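*Asks:* Just need the whole structure built from these sequences, with the hints factored in.
Residue 38 in full-length UniProt numbering is what sits at position 38 of the sequence shown, and the numbering runs on without skipping anything.
By construction, these hints were calculated from the structure, which means they are not laboratory data.
These numbers come from a predicted model, not from an experiment.
Since no wrong hints were added, every one of them can be taken at face value.
When the alpha-carbon atoms are kept at most 20 Å apart in a straight line, the in silico EDC-like pairs for lysine to aspartate or glutamate are as follows:
id, residue 1, residue 2
1, Lys26, Glu16
2, Lys8, Asp27
3, Lys8, Glu29
4, Lys13, Glu29
5, Lys26, Glu5
6, Lys13, Asp27
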Amino acid sequence: MGDTEVTKQQVRKAGENIRNNIATLKDYEIISNWRSIHISIMTSMVNSINKKLKKHKLKALIVARRLNG
Numbered sequence: 001m002g003d004t005e006v007t008k009q010q011v012r013k014a015g016e017n018i019r020n021n022i023a024t025l026k027d028y029e030i031i032s033n034w035r036s037i038h039i040s041i042m043t044s045m046v047n048s049i050n051k052k053l054k055k056h057k058l059k060a061l062i063v064a065r066r067l068n069g
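*Replies:* This is how it looks when you write it as structure tokens:
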């Protein structure tokens, strides 16, 4: 897919297809592309949350769901 931009609707549809076990290779590529674009934002958010939890001496269970494909 490269640098091709995808719409929010395409990302949602790809997610639905994956959830419903009818995903194509293109669906996985769309999700992978979205993740690549947003990884720094997601990492920053997780780090910020962890910092606040540590400040208040709270423990959290963080779960990540990985796609197979």
